[in-house]
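Enquirer: Residues per chain are reported as follows:
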Amino acid sequence: MTNTEVFLQQMIIGLSNGMIIALIALGYTMVYGIIELINFAHGDLFMLGCFLALTILGALGIDAAYDPNSVSLAVLPLFIAVPAFCAIVNWSVDRFAYRPLRSAPRLAPLVSAIGVSFIFLNLGLFWGGLPMDVFNGGVAAAAPKDFPALVSRTNLLGESSNIIVRWNEVLVAMVTVPMMVGLSLIVRFTRIGKAMRAVAQNQTAARLMGIDVDRVIGATFLIGGALAGFASIVWASYNETIYFQMGFRVGMDAFTAAVLGGIGSLPGAVLGGVVIGIVRAMSEGYIAAEWTNVVVFTILVVVLTFRPSGLLGTPTREKV
Amino acid sequence: MAGGIRRAVIVHAGWFMLGIALLVPILDPLLPLEWKIAGHMNRIFIFAILGLGLNVVTGYTGLLNLGIAAFMAIGAYSYAILTCDIYPFRLGFWSAMPITICIGAIAGVVLGLPTIRLRGDYLAIVTLGFGEIVQDTLKNLDNITQGTQGINPLPAPTFWGHALNTQDKVAWYYLLLAFLALVVLVSRNLEHSRVGRSWIAIREDEIAATCMGVNPVKAKLVAFAMGAALASTSGGIYAALFSNSGEPGNYDFQISIIALCIVIIGGMGNISGVLLGAFVIGGFNSIVLDKLTTLLQQMGMVNTQNVLTVPGNWKYMIFGFALILAMRFKPEGLLPSRQLKAELHEAEEDERAENARGAA
Amino acid sequence: MTSLLSVDNVTIRFGGLTAVNEVDLNVERGQIFSVIGPNGAGKTTVFNVITGVYEPSCGCVRIDGRPGARPLSWRTAIGFGFIALTTAAGFAVALNIRELWDTAITANYVYQQAFPWAKSFSDALTHLRDQPWTWNILPLLTGALVGLGGSVAVWRRARCTPDVIACGGVARTFQNPRLFHQMTVLENVLVGMDTKLRSRFWHAALRLPFFYREYKHAQAKAMELLEFVELDDDASAPAASLSYGHQRRLEIARALASEPKLLLLDEPAAGMNPSESDDLLLLIRKIRDRGIAVMLIEHHMDLVMEVSDRIAVLDYGNKIAEGTPDEIQADPKVRKAYLGTDEL
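If you read the protein sequences in the order shown, they are chains A, B and C. Each residue of the first sequence is one higher than the one before, starting from 80 at the first, in this note's numbering. Each residue of the second sequence is one higher than the one before, starting from 17 at the first, in this note's numbering. Each residue of the third sequence is one higher than the one before, starting from 3 at the first, in this note's numbering.
Check the hints yourself; a few may be wrong.
Incomplete in silico selection of chain B near chain C, CB under 7 angstroms [to be verified]:
#: 1; residue: 159
#: 2; residue: 209
#: 3; residue: 211
#: 4; residue: 230
Read the hints as simulated data drawn from the structure, not as lab findings. Beta carbons: idealized from backbone N, C-alpha and C, even for Gly.
Throw the hints in and build the complete structure from the sequences for me.
Expert: Rendered as structure tokens:
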């Protein structure tokens, strides 16, 4: 492989992973924008989405031995069931763990979120112990699980090409780009989107204007959860392995992306996600995989030193 | 009258606890084997020191630090490298410990300098990331840190020529208790000083504090350095106690979260609260789960093939529910700081005074 | 002789909105200077600029002829250099750490033998020298650039903080009292005294005698200030438990604790009944008699006209008039701003 080819290949991998990270980062940034809460459980929600996806596939009889070339519509239910599940779980978490704490000290909901994340983590561990073939009969619950490829593994650029672009990359683009566009349209033009922006700016004022703040926050959690659900399917299909601690790993990448782009800013989250994805891929390609986290973190610190509100964040001015 | 006695107990609770703590090793041999706790207490003391370190940063100054375990790791590895005889330094416990503490403080400042003016939540991600990369770095530099093996064995600390082996449970117990007492004393001294007041003022209202002439950068840096130094101390003692630096994975995010839970569930910014939190959470983590596993194993109810039957697997579930319920019903912690408590009880007292006036 | 406070041509824009437009103000020593104007005229913003909470978009604020920003001292400059060198060295060492450790430490150490430190050091240098030059120069250069740029960037952000101005002798209260609610009344005043205290970390941590001496002194002074604002009975109560009027007076005591030359009061009489505001008038005079200049934002015109030596009027961010109370009362532009018409 020539240098250019290595670069392009890493770029493709980075861009794909980055788009998925961006999708998760959007969930972080939306919730943060509206109630200033780092929703720690978001990464683990994403993990639960992956486990549900694998369970459904197992129930449909699709496992690692399944031939992805026979593209089947059987995987379509995934794209309905998993986002719906994640959205409902995320909404219930807000309803039962965060909503009672709206007026509590600032750290209270954050600690609650950490608690939820722990419960999800534990559920993920138990889920891996389900006696199903896709979970190896549930014997080694904590071990990583193989995720079957949902789409054909053939190289779209032809078998002789050194650069590999699979249907998976197309799948990622087909899922993530419409999601982002749709989200920005919702936020910009719909009633609920306007209400969200209003609540994010000033909750009290929004309430006085007759906006049902709790409903708007609930809707934010629903949308963020659904995004995490879509992200979990494409992530699992792209990386072909899932494990119960992945919520923390991937969640941290997404959270870093949200902060790098400027937390609270939707375009920032997308930019941050893509940057993180590309930096990770480049670091894996040119430095060494085991130093990737160090590289990502160093870049984050350097960026924040020069731009303390992130790449696209606006500096906030506290009212005195 | 009864109120007076109750108050006396509360006021002197610290001394009572200290008395009980001093008696534990003496009483422990009398307990049946399943109920011995002295060995587990060591771990709790270390967690208490870690918690007090985090208390300075998060409790007093209000900076959310999610990577305190990294400073513990830095302490443990610094101590191990300084003392272990496969390295050229070969210092003793008493000379290695101050250096370990200084290294921790410097690490705190290095992390703090570029990030100290960031908004709270940005600091959280930076500290979280720092926690991860310290682990990664320790794992990757395996020619220096022995990678995932950990550095061991470490020489036993010597007391006037008497070597303190891992088996000297009682002596270790008192050494750790002395360290903890020292840390408590220094924390308390700082809390009621210019430094401590500026920390709390920044937590309460940063703009007002700076308008009063408190330099926020300096105060936060000192808090960061102090927290890191205490965490580093706990790491150094941990390594000395187990004669092993532990592997990098021992200092993961879970440890940072346990420390955070200790501070928040115990009572932010309150030393006795943190001690109580360390006892409750550390106790649950290392005593209750341990005993429960032994008990269930004896009853033959543990099947390693079934993930649900191993009590240790339920740990995070229980932790998670504990955190959520604690925040729901006691967000200020078990023992809120003295000022917060006073504030909460002020209303009651007003009411009582009102009633008294009405009666008169 | 320069004015105690001079605000020269200060403009502040928030995005597209000009909150304060080319305002000039001069406050002399011992003066009571009021700033009045309709709501939203930019009065509090002016206060925020004077105390350094906001940075002016253009123009400058001088206290005793000195600008409010932290000056670039030699110590800071040397600090930058030090940080740049450390990051440069840090980058260079970090990139080579594995090989450096192998060549300098592992290769030289014989199990439990004395360690040749000098040889180890020279081996390390030799190893660095033997690297291809790009491998040495690039990290050094990047490190130095990041270190220097980063420290300058952080310093620039940190140079115009309110504490510099507070140390220069300006203290303030806030429109809505911003006390440290979880601290006691006495501790609130002690925080205000921070700039005057000299005890350091070690004094407090080890409780050295100096700590006790200073603490005793500071406490006595704080009590004296609490007596001055008649709050000495509540010294050990939590600040949050005070009534609104008392909170305002505690804020004044806290501000006075830093021994300011200029005290800024932002609507001190808001929400006060007539007798309380009479007390306040006396208090402001007493403060002036201590030799402290007072700058006042207030809507109670009786109070303003009675107490002020000079008054400036702001409207839509512009200064429309300045003068003695009598001049202001006679000014048609002021009437227009307040009443929307110049006819009475």
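Enquirer: If a hint holds in the structure, say so; if it doesn't, say that too.
Expert: How the hints compare with the structure:
no., hint, in the structure
1, 159, "holds, 6 angstroms"
2, 209, "holds, 3 angstroms"
3, 211, "holds, 5 angstroms"
4, 230, "holds, 5 angstroms"
Checked against the numbered hints given earlier, the structure satisfies every one of them.
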